[in-house]
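Chain by chain, the residues:
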Amino acid sequence: MSTMTALTDRTATAGEPPVDVADAVPRRHPWRWVSAAVVLVLAAQLAHLLVTNPRFQWRVVLRYFNAESVVRGMGTTLLLTVIAMAVGIVLGVLLAVGRLSRNPLIRSLSGLYVWFFRGTPALVQLIFWYNLSQLVTRLSLGIPFGPSFISADTNTLITPMLAAILGLGLNEAAYMAEIIRGGLLSVEQGQVEAAQALGMTRLRTLRRIVLPQAMRFIVPPTGSQVINMVKATSLVSVIAMADMLYTVQAIYNRTFQTIPLLIVACIWYLIITSILYVGQSFIERRYSRGATRQAPRSFLDFLKIRRTPPPVVDRTEHTA
Amino acid sequence: MTEQKQPLLRARGVRKHFGNLQVLNGIDLDVYPSEVVVLLGPSGSGKSTFLRCVNHLEELDGGSITVDGELVGYTRRGGRVHELSDRAIAVQRRSIGMVFQQFNLFPHLTVLRNITESPIGVLGEPRARAVEHARELLARVGLADKADAYPRQLSGGQQQRVAIARALAMRPKLMLFDEPTSALDPELVGEVLATMRGLAADGLTMIVVTHEIGFAREAADRVVFMEGGVIVEQGTAREVLETPRNPRTRAFLSRFLDD
Numbered sequence: 521m522s523t524m525t526a527l528t529d530r531t532a533t534a535g536e537p538p539v540d541v542a543d544a545v546p547r548r549h550p551w552r553w554v555s556a557a558v559v560l561v562l563a564a565q566l567a568h569l570l571v572t573n574p575r576f577q578w579r580v581v582l583r584y585f586n587a588e589s590v591v592r593g594m595g596t597t598l599l600l601t602v603i604a605m606a607v608g609i610v611l612g613v614l615l616a617v618g619r620l621s622r623n624p625l626i627r628s629l630s631g632l633y634v635w636f637f638r639g640t641p642a643l644v645q646l647i648f649w650y651n652l653s654q655l656v657t658r659l660s661l662g663i664p665f666g667p668s669f670i671s672a673d674t675n676t677l678i679t680p681m682l683a684a685i686l687g688l689g690l691n692e693a694a695y696m697a698e699i700i701r702g703g704l705l706s707v708e709q710g711q712v713e714a715a716q717a718l719g720m721t722r723l724r725t726l727r728r729i730v731l732p733q734a735m736r737f738i739v740p741p742t743g744s745q746v747i748n749m750v751k752a753t754s755l756v757s758v759i760a761m762a763d764m765l766y767t768v769q770a771i772y773n774r775t776f777q778t779i780p781l782l783i784v785a786c787i788w789y790l791i792i793t794s795i796l797y798v799g800q801s802f803i804e805r806r807y808s809r810g811a812t813r814q815a816p817r818s819f820l821d822f823l824k825i826r827r828t829p830p831p832v833v834d835r836t837e838h839t840a
Numbered sequence: 002m003t004e005q006k007q008p009l010l011r012a013r014g015v016r017k018h019f020g021n022l023q024v025l026n027g028i029d030l031d032v033y034p035s036e037v038v039v040l041l042g043p044s045g046s047g048k049s050t051f052l053r054c055v056n057h058l059e060e061l062d063g064g065s066i067t068v069d070g071e072l073v074g075y076t077r078r079g080g081r082v083h084e085l086s087d088r089a090i091a092v093q094r095r096s097i098g099m100v101f102q103q104f105n106l107f108p109h110l111t112v113l114r115n116i117t118e119s120p121i122g123v124l125g126e127p128r129a130r131a132v133e134h135a136r137e138l139l140a141r142v143g144l145a146d147k148a149d150a151y152p153r154q155l156s157g158g159q160q161q162r163v164a165i166a167r168a169l170a171m172r173p174k175l176m177l178f179d180e181p182t183s184a185l186d187p188e189l190v191g192e193v194l195a196t197m198r199g200l201a202a203d204g205l206t207m208i209v210v211t212h213e214i215g216f217a218r219e220a221a222d223r224v225v226f227m228e229g230g231v232i233v234e235q236g237t238a239r240e241v242l243e244t245p246r247n248p249r250t251r252a253f254l255s256r257f258l259d260d
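In the order they appear, the protein sequences are chains A and B.
Under the numbering used here, the residues of the first sequence are numbered 521 to 840, in order.
Under the numbering used here, the residues of the second sequence are numbered 2 to 260, in order.
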């Protein structure tokens, strides 16, 4: 108490003007400059290696980068990613809802599915579907233990593409189910009660109230899953599907230019994943509405606000 | 006071337990149209649980609750009582409004969409009419200018008033208030209570669980004191608050009068 008064007194008697930290000298960061220098040297070394090491064979990289077969391989990779992810998300939503269901049969079947498909490697599942004909030679649709309406030879039905979709999609569904379930559980119980008190059915509550709020927690890990899937599709090269990896392997098995062709593949994978990364941040912005006290902005508003200066707060109102 | 009318809510022998704890131990209560009933009692006395039983957010273990002649959550068919489907229960809840302690507004929807979501989606009202009704209700709770705000941009008192407007948008026969001011800062309690007093004056049938003795005194037609899962005493606000007969009611009220 006495020291406090002494301090205030001293500043007061010194007759100095009141302190305004707006004019303060900013803190210096010498270590940032040092670490920047170190990184710069390392980057220069890497660039030097990339340019001067002839074994990178940049000319080969350039030649094959947009070769027709490579681009077609990339197309297959993308198509497979989209289909497998679609299967994974749709089935994942059903499984997540199933695991939270009040029906004990649905709950345990969903749990069993997740346990099995998450517990075995995707590569094994892929090869398994590809070789399904060794287990059942004919697949048919009809009355159980009775006559069948349509029937087909398993080998003709399960093409490499279908085996790939089943292998990757069904595996993905197990992971998506857990991501979506986590998202649904993160929404407060009070939201469900409020919706029910307003006469909404369980399905409507899920669709209009719970799922939109859960999306904020579902989107970021799903973004990772999509990027993972782009790369996981390279597994299908083992069942002779001409995806990106299979295509460059076919080329370097012939020309022995292994490293440059793997670089071609890496560059393509990086381009795709970068585009996905940007897309994800847009979706995240969409689902963050109402999540903070700040007024939400669309991308268009964001641009507009950048151009107009911030409004000047009118202080006369308070003093008057 | 309204002996000649049929009760809007009729509860008979309502029982409910959570695990080993018997929360409601035979509640009998009638609430008549346009009546405002305040449930008082120490925490854990079962007031909120009873309120949640009225719109079947909690299932009863025994007894029955009837709202406007209709059994809540069950139906009589062929001389037996059958549990209703989720869909049928959802239909029953349309005419029972509820206001929660934690407001429970939908944070991803604007104030206006919070109010119109159910009239449009559940009752199938045309959008234009639902929006018009929502704006009227917002004006009534004094928040006409907040239609496009998101709930998190509002103060607690404002959020609770939006929650009241949201419940009213379904044109309920009966409104349940579950400690509507308990989560509010003291200076925001008044605005919510004023809104509720307005509704009471307009003749809305209300059951209110609260600790606001002042509200009970001014707005309640009847005060019901609960403890240990049973109704200990009930009567007009004056009878129960000024001259409580039961020693437990007296003990409970003395805590408020000391302040």
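Any given hint might turn out to be false.
[Unchecked claim] Which residues of chain B face chain A? A few of them, derived with a C-beta cut under 7 Å, are: (1) L85; (2) S86; (3) A89; (4) M99; (5) N105; (6) H109; (7) K147; (8) F253; (9) S255; (10) F257.
[As the list claims (entries may be wrong)] These stretches of chain B come out as covered by chain A in the derived footprint (C-beta under 8 Å, 3 or more residues): (11) 117-128; (12) 149-157; (13) 166-176.
[Claimed, not checked] Residues from chain A that keep clear of chain B, each with C-beta distances beyond 12 Å, as calculated: (14) N573; (15) V580; (16) V590; (17) R638; (18) P667; (19) T725; (20) V730; (21) M735; (22) P741; (23) I779; (24) Y807.
Keep in mind the hints are simulated off the structure, nothing from the lab.
Computed from a predicted structure; not experimentally measured.
Don't be surprised by glycine CBs; every beta carbon is placed ideally from N, CA and C.
Consistency of the hints with the structure:
1. L85: It is violated, given that the least Cβ distance between L85(B) and chain A is near 13 Å, above 7 Å.
2. S86: Hint on S86(B): violated, closest Cβ of chain A at ~10 Å, above 7 Å.
3. A89: 10 Å, violated
4. M99: Holds, about 4 Å.
5. N105: 4 Å, holds
6. H109: With Cβ-Cβ at 5 Å, under 7 Å, it holds.
7. K147: Not OK, violated: K147(B) not within 7 Å of chain A, min 12 Å.
8. F253: 28 Å, violated
9. S255: Where the cut-off is 7 Å and the nearest Cβ of chain A is about 33 Å from S255(B), the hint is violated.
10. F257: Check failed: Cβ of F257(B) comes no nearer than 28 Å to chain A, outside 7 Å.
11. 117-128: Since 5 is at least three, the answer is holds.
12. 149-157: holds (count 4)
13. 166-176: holds (count 3)
14. N573: 53 Å, holds
15. V580: 52 Å, holds
16. V590: 43 Å, holds
17. R638: Label holds. Min Cβ-Cβ 30 Å, cutoff 12 Å.
18. P667: Label holds. Min Cβ-Cβ 36 Å, cutoff 12 Å.
19. T725: About 9 Å separates T725(A) from the closest Cβ of chain B, which leaves it inside 12 Å; violated.
20. V730: With a cut-off of 12 Å, V730(A) comes too close to chain B, as the shortest Cβ separation is near 10 Å.
21. M735: It is violated; M735(A) is separated from chain B by about 9 Å at its closest Cβ, not greater than 12 Å.
22. P741: Non-interface label on P741(A) holds, nearest chain B Cβ at 19 Å vs cutoff 12 Å.
23. I779: 50 Å, holds
24. Y807: 8 Å, violated
The structure fails hints 1, 2, 3, 7, 8, 9, 10, 19, 20, 21 and 24 (numbered hints given earlier, in ascending order).
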